[in-house]
Amino acid sequence: MTTPARGGQQRIPRPPHVGVGDAPPWAALDNGARAITVDRIREAVAGAPPGRPLAPTVPDAQAAAVLVPVFEEAGLARLILTRRSTNLPSHQGEIAFPGGKVHAGETSEAGALREAHEEVGIRPEDVDVVGPLEEMATVAGRFVLAPFVGVLRERPKLVPNPAEVARVFDVPLAELLEPDVYHQERWDLPGMGERPMHFFDVAGETVWGATARILHDLLTLVTDSLR
1060 MTTPARGGQQ RIPRPPHVGV GDAPPWAALD NGARAITVDR IREAVAGAPP GRPLAPTVPD
1120 AQAAAVLVPV FEEAGLARLI LTRRSTNLPS HQGEIAFPGG KVHAGETSEA GALREAHEEV
1180 GIRPEDVDVV GPLEEMATVA GRFVLAPFVG VLRERPKLVP NPAEVARVFD VPLAELLEPD
1240 VYHQERWDLP GMGERPMHFF DVAGETVWGA TARILHDLLT LVTDSLR
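If you read the sequence shown in the working numbering, its first letter stands for residue 1060, the second for the next number, and so on.
For the record, the hints were derived by calculation from the structure and aren't laboratory data. Heads up, some of the hints might be wrong.
[Stated by the list, open to error] Just the calculated beta-carbon pair ranges, DEER-fashion:
no. : residue 1 : residue 2 : range
1   : T1279     : I1071     : 18 to 28 Å
2   : R1073     : A1196     : 14 to 24 Å
3   : A1094     : P1249     : 15 to 25 Å
4   : P1118     : R1254     : 29 to 39 Å
5   : P1084     : E1132     : 22 to 32 Å
6   : Q1121     : P1072     : 15 to 25 Å
7   : S1284     : E1132     : 21 to 31 Å
8   : E1184     : E1132     : 15 to 25 Å
By construction, the Cβ of each residue, glycine as well, lies at the ideal position given by its N, Cα and C atoms.
Starting from the given sequences, assemble the full structure and let the hints guide the process.
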C-alpha cells in the first residue's frame, strides 16, 4: 500500500504578509534521540513547572479542554489525533485532539475526558492523566484551551462519532520530530502583530493552529533534556 504524501487539504487562511519562522528546538536530534517512549513523556510532563492560568486574563473567553492521548507500540509513543467533520460550525476539516467546551460545574480535566469518550470512544477509566500542558488562548481569543496528556495502556479500540469526527488516526512522536515534518511561519495579524505559527505535515494531513501549538509545546518539553 502506498503511503500518502505529507500534508493535507486543510484550508490555511494565511495573511498577506508571511515570514519564515525559526527552526524547532529539536532540530539537531539524531534518530536515536527521536525514539520517544511513554515513560519519557510521563517524566517530562510530571516534571514540568506549573503553567500560567490564562482564564482570568482573557475577558469573555470560554473554557475548553482537550485530551492528548498517547500509547506505546513497538517501543515508540504514539499520539491520537482526529480530523474534524466538515459539518461542524467551525474549524471544519482541521486536525485536532479530542476535546471541546467545558461544561458548567465541570473541571477542565473532566471535560477533556468526557469529550474524548464522546468523540472517539476513549473511556475515562482507561486514561491515566499524567498532567496538564500550558494553557493557551486561541488566536481568535474566544477560548482558553487546557490540554491534558493522558496515557493509555495499549492501542485503544476507537469509535469515532461521525457527527464530529471525519477521521481518527495516530502518529509516532518520532515521526513528528523528523526534519521534513515541522516548519514555522511568522504571520502578521491585524491588531495582534507578528506571531509564530506552527505546522506539522504528516501523511495525508496538515496539523496547524492550536493543535500544532500543543504539539510544539509537548515536543519541546519531552526533548528538552535530550538536546
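Hint check results:
no. : hint                         : in the structure
1   : T1279 with I1071: 18 to 28 Å : holds (22 Å)
2   : R1073 with A1196: 14 to 24 Å : holds (20 Å)
3   : A1094 with P1249: 15 to 25 Å : violated (42 Å)
4   : P1118 with R1254: 29 to 39 Å : violated (19 Å)
5   : P1084 with E1132: 22 to 32 Å : holds (26 Å)
6   : Q1121 with P1072: 15 to 25 Å : holds (21 Å)
7   : S1284 with E1132: 21 to 31 Å : holds (23 Å)
8   : E1184 with E1132: 15 to 25 Å : holds (21 Å)
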